[in-house]
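Chemist: Okay, here's what each chain looks like letter by letter:
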Amino acid sequence: MTEYLRGTRRAPTGGWRHATVREILHPSPRAVILRLEVPDRIDHWPGQHYVIRLTAEDGYTAQRSYSVASPASDQLLEFYVERLDDGEVSSFLADVAEVGDELEIRGPIGGWFVWTADAPMFGIAGGSGVVPLVSMLRHAVHLGRTDLMTLAVSARTLADLPYADELVAAAAVVTLSREISDNGRAAGRITAAEVAPLVPPEGACFVCGSTAFSGAVTEMLTSLGVDVQRIRIESFGPTGSPADLIA
Amino acid sequence: MAGPTRKGDSMATRGFVGKRRPPEGIKLPPGQYDVGRDFPVLTAEATPRLDPERWTMTVDGLVAREHTWTWEDLHLLPQSEYRGDIHCVTTWSKFDTRFGGVSVDLLLDTVEPLPAATHVFVTSTTGYTTNLPLHEIRDGKAWIVWTHEDKPLPREHGGPVRLLVPRLYFWKSAKWVTKLTLLDHDEPGFWERNGYHDLGDPWLEQRYQGD
Numbered sequence: 001m002t003e004y005l006r007g008t009r010r011a012p013t014g015g016w017r018h019a020t021v022r023e024i025l026h027p028s029p030r031a032v033i034l035r036l037e038v039p040d041r042i043d044h045w046p047g048q049h050y051v052i053r054l055t056a057e058d059g060y061t062a063q064r065s066y067s068v069a070s071p072a073s074d075q076l077l078e079f080y081v082e083r084l085d086d087g088e089v090s091s092f093l094a095d096v097a098e099v100g101d102e103l104e105i106r107g108p109i110g111g112w113f114v115w116t117a118d119a120p121m122f123g124i125a126g127g128s129g130v131v132p133l134v135s136m137l138r139h140a141v142h143l144g145r146t147d148l149m150t151l152a153v154s155a156r157t158l159a160d161l162p163y164a165d166e167l168v169a170a171a172a173v174v175t176l177s178r179e180i181s182d183n184g185r186a187a188g189r190i191t192a193a194e195v196a197p198l199v200p201p202e203g204a205c206f207v208c209g210s211t212a213f214s215g216a217v218t219e220m221l222t223s224l225g226v227d228v229q230r231i232r233i234e235s236f237g238p239t240g241s242p243a244d245l246i247a
Numbered sequence: 001m002a003g004p005t006r007k008g009d010s011m012a013t014r015g016f017v018g019k020r021r022p023p024e025g026i027k028l029p030p031g032q033y034d035v036g037r038d039f040p041v042l043t044a045e046a047t048p049r050l051d052p053e054r055w056t057m058t059v060d061g062l063v064a065r066e067h068t069w070t071w072e073d074l075h076l077l078p079q080s081e082y083r084g085d086i087h088c089v090t091t092w093s094k095f096d097t098r099f100g101g102v103s104v105d106l107l108l109d110t111v112e113p114l115p116a117a118t119h120v121f122v123t124s125t126t127g128y129t130t131n132l133p134l135h136e137i138r139d140g141k142a143w144i145v146w147t148h149e150d151k152p153l154p155r156e157h158g159g160p161v162r163l164l165v166p167r168l169y170f171w172k173s174a175k176w177v178t179k180l181t182l183l184d185h186d187e188p189g190f191w192e193r194n195g196y197h198d199l200g201d202p203w204l205e206q207r208y209q210g211d
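Chains as they are written, first to last, in this note's numbering: chain A, 1 to 247; chain B, 1 to 211.
Just so you know, these hints were derived from the structure itself, not from any lab.
For every residue, glycine included, the Cβ atom is placed at its ideal position computed from N, Cα and C.
Among the hints, erroneous ones may be present.
Stretch by stretch, here's where chain A covers chain B in the computed footprint (C-beta under 8 angstroms, at least three residues) [what the hints assert, rightly or not]:
1) 14 to 22
2) 44 to 58
3) 113 to 119
Computed beta-carbon distance windows for the label pairs [unchecked claim]:
4) V17(B) with S223(A): 30 to 36 angstroms
5) G15(A) with R14(B): 21 to 27 angstroms
6) F95(B) with R22(A): 35 to 41 angstroms
7) A171(A) with P29(B): 42 to 48 angstroms
8) A193(A) with R155(B): 51 to 57 angstroms
9) Q209(B) with G225(A): 32 to 38 angstroms
10) L158(A) with T97(B): 37 to 43 angstroms
11) Q229(A) with T68(B): 22 to 28 angstroms
12) L143(A) with Q209(B): 25 to 31 angstroms
13) R155(B) with A186(A): 49 to 55 angstroms
14) T157(A) with D139(B): 53 to 59 angstroms
15) R156(A) with L204(B): 25 to 31 angstroms
Using the sequences and the accompanying hints, generate a full structural model.
Modeler: Written out as structure tokens, the structure reads:
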């Protein structure tokens with residue numbers, strides 16, 4: 001953390017915009033991908049997030065933060081939102097939002113969990129925590145610098161892994177906790193032996209997932225000798241259960 | 001573009017009804033919802049394992065006499081408790097929760113802030129920092145706490161010890177706090193350099209720079 005504080009580069013930030021929903025995809029019954037057109041959009045850095053705010057007729061508002069899945073080079077701004085049964089924003093986005101709707105959004109926000117393909121990195125994420133890593137990956141693909149990245153992603157099953165095809169194509173190490181993998185890997189959580197060869201000798205380690213996932217991975221990285229100053233975390237949810245992605 | 005209480009342009013979202021209105025009689029800061037019994041964990045860095053025996057709390061900068069307290073020193077001071085609400089910038093609020101420790105007033109009384117001191121720069125053992133106007137941590141508005149609901153503060157919530165400034169968004173309540181430095185100017189901390197507000201008053205919805 002102190003390393004960052006010596007830095008001088010500030011991440012971009014932007015104000016409120018009225019975005020228009022241009023595409024909606026339902027990659028699984030528990031998730032929605034929204035692709036938005038944003039007037040006067042400020043180019044984001046991979047890993048940054050936006051706030052989406054919903055307003056009811058009586059003025060009641062609800063807002064949540066979501067990591068961007070797209071790179072700045074994408075014409076549209078893409079979000080992958082996990083649908084939570086008690087999530088008033090995520091369930092609206094998954095069930096009610098339609099192409100052509102306007103949404104109030106604000107961003108980009110955040111300057112810590114960001115990577116601009118200018119140094120080696122290791123990204124490790126669980127479930128919808130892969131989203132900021134997907135933005136980083138797409139940015140690296142755009143720049144032709146995927147050589148700088150190593151990725152490990154975890155989910156219960158391959159069907160539960162957001163952007164599975166893209167991550168597999170990028171040679172991410174995929175670990176499934178409840179399913180035998182196509183390559184014969186037994187169901188189970190990611191192990192230190194699987195992580196160790198992926199960690200570069202220098203550069204940031206980006207950890208994103210539930211509180212439990214982030215905690216376990218951070219302990220694993222430090223047990224492998226990774227300096228805590230290299231570890232950047234974005235975790236979400238109360239201990240042990242999922243919630244909206246929060247920065 | 002920004003108004004005093006409502007940021008951005010007002011716009012009803014087609015089809016949005018909302019499910020988390022606070023109960024009758026409960027007033028929440030704008031844009032917040034009641035998280036109930038949960039206490040979400042937010043961190044940007046590895047959660048440290050602090051040994052209370054080696055931890056110290058220092059107040060320095062623009063003070064008559066800087067001072068460092070050990071864990072034991074702080075426990076020998078008169079204890080006090082905060083009971084009330086806390087508000088996280090990620091939009092959850094937690095009602096009627098209790099933290100115990102010592103009032104920051106006791107620490108400030110010992111070091112005697114100089115008249116020139118206007119702001120405080122907070123540093124944690126991890127290198128995390130945050131900034132506050134000095135008046136926001138005086139006169140019963142801030143605590144150094146080590147219990148939550150009568151139990152030792154859990155590591156993931158800043159245990160063994162954190163700053164508590166419940167009037168402001170909770171990122172100001174630095175986990176694993178170890179130093180308060182009094183300054184004659186405002187100096188942005190970790191999240192403040194990353195786009196978040198220098199004051200962070202939830203009732204004015206000061207979430208981000210420019211609010």
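Chemist: Would you mind marking each hint as holding or not holding in the structure?
Modeler: Hint check:
Coverage of the stretch 14 to 22 of chain B by chain A holds in this model, with 8 residues showing a Cβ closer than 8 angstroms to a Cβ of that chain against a need of three. For a cut-off of 8 angstroms, the count of residues in the stretch 44 to 58 of chain B with a CB near a CB of chain A stands at 5, and the three-residue condition holds. Here's how the stretch 113 to 119 of chain B fares: 0 of its residues keep a CB closer than 8 angstroms to some CB of chain A, so the rule of at least three is not met and the hint is violated. Range check, V17(B) to S223(A): about 48 angstroms between beta-carbon atoms, so the 30 to 36 angstroms window is missed.
At about 22 angstroms, the CB distance of G15(A) to R14(B) agrees with the hint of 21 to 27 angstroms. At about 39 angstroms, the CB distance of F95(B) to R22(A) agrees with the hint of 35 to 41 angstroms. For A171(A) paired with P29(B), a C-beta distance near 46 angstroms keeps the hint of 42 to 48 angstroms intact. Between A193(A) and R155(B) the beta carbon distance is about 26 angstroms. The supplied range of 51 to 57 angstroms is therefore violated.
Hint check: Q209(B) to G225(A), Cβ distance near 37 angstroms, so the stated range 32 to 38 angstroms holds. Between L158(A) and T97(B) the CB atoms are about 40 angstroms apart, so this pair conforms to the stated range of 37 to 43 angstroms. Taking 22 to 28 angstroms as the suggested C-beta distance range, the pair Q229(A) and T68(B) conforms, at roughly 24 angstroms. Judged by the Cβ atoms, the range 25 to 31 angstroms given for L143(A) and Q209(B) holds: they are separated by roughly 28 angstroms.
At roughly 32 angstroms, the beta-carbon separation of R155(B) and A186(A) lies outside the given 49 to 55 angstroms, and the hint is violated. Between T157(A) and D139(B) the Cβ separation comes to about 55 angstroms, which falls inside the hinted range of 53 to 59 angstroms. Under the hint 25 to 31 angstroms, the C-beta atoms of R156(A) and L204(B), about 42 angstroms apart, miss the expected range.
Comparing the model with each numbered hint stated earlier shows that hints 3, 4, 8, 13, 15 do not hold.
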